[in-house]
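**Q** Just so you know, the protein sequences line up as chains A and B, in that order.
Its first residue numbered 6, the first sequence is counted upward by one per residue in the numbering used here.
Its first residue numbered 24, the second sequence is counted upward by one per residue in the numbering used here.
FYI, nobody ran anything at the bench for these hints, they're computed from the structure.
Built from N, CA and C at the ideal position, the CB exists for glycine as well.
Misleading hints may appear alongside valid ones.
[Said to hold, decoys possible] Covered stretches of chain A (chain B as the covering partner; in silico rule of three or more C-beta atoms under 8 Å from a C-beta of chain B):
id : segment
1  : 52-58
2  : 100-109
3  : 134-146
4  : 154-161
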Amino acid sequence: MKSSMRLYSFFTVLVSLWCIGILVAPILKHAGWTQSAEMLYSFFARICHQDDGRSFHIEGEKIGVCIRCCAIYFGFFLGLIALPLSRALKRKNVPAKGFFLFAVLPMVVDVVLNATGIHASTLVSRVITGTLFGMSMSWFVVPIFIEACLQLNSRNKNHSPDSGVVRYDRKTQ
Amino acid sequence: MIEKPSKLRAAVLGGLIVGTISGLPGLNLLNCCCCAGILFGGAMSVYLYRQEFTDGMPPMESSDALVLGIIAGIIGALITTFLSTMIFLILGPVETDIVRNFVEKFGQRLENSGSLPPGTMDDLRDKLEQAMKEGGKIGGILRSLVYALILYPIFSMLGGLIGYGIFGKKKPTVPPLPPMQ
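Based on the sequences and whatever the hints tell you, model everything.
**A** Written out as structure tokens, the structure is:
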């Protein structure tokens, strides 16, 4: 397997575990594994408000994160799955800055309008803007992540122990 | 060729940004929006590192952004835990009042405008009380530190990679053309 594909698989496994953790929390709670469920809830509480009224539920229990965060993470996962179909994994040139704005702007507008009380965000708006952001981020970040890991790997190989000087491989630049 | 600049300064500054945003009450609400504060800190560390490059240096690489993001995240996690513990120990009751007032005023306004579903305020009050109970305990602090040491480097690394994508490589300045003879 090529290095880039190996890295991509590794990253996909990590993101899958993250998404599974979000879904497992309510299942554990429903099954009576309260302590494990609380640990997972407590872990995700550091990055999400976990408001019951703004979360999807499984078996009557809220999932690990709110609807918007859920859309972001699962959108990221979907984008990750679609990435090898849409572009080469080792592609050097990352998407343009405009692509980042295109991804983040709808979500920021939705959040700001809601926070200022001008327009209450809905379930649909949270899911659409979150998924758009998550999917776009995976296309933006993952190729850079793979490139970075390959660079680190090649740097380690080129490291000369005698001189203590790191030689940079021209091909990776 | 001149060596690349040291990452330490940019990583510490990025970590300080992460720690300040995540450790200060009120500001840390930014992290409720997909860890925006941590992502921002990671991206800023890359931006600051890019500023240190001069002509003749090898260009900044994505691996630099990855490493910077992770280091900034680790520093940020330590600063956050230290800062929030200190604030709790020194200003415990005062901080509780400030946060409680803020949540009551802001939350009530959102609830009235329909931006918050009914019952959310009660949920927030319960969470606040629980956080205040756990805040000063050693177990709570350690658990907070462990979670932060897992989460912050991940999100800060993502921030660093986003920062690399946005700020990119510093374009080398083109030397002036020799005068025409």
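**Q** Each hint: holds or not?
**A** Results of checking the hints against the structure:
1. 52-58: Satisfied; 6 residues make the cut.
2. 100-109: holds (count 3)
3. 134-146: Per the Cβ count (4), the hint holds.
4. 154-161: Satisfied; 4 residues make the cut.
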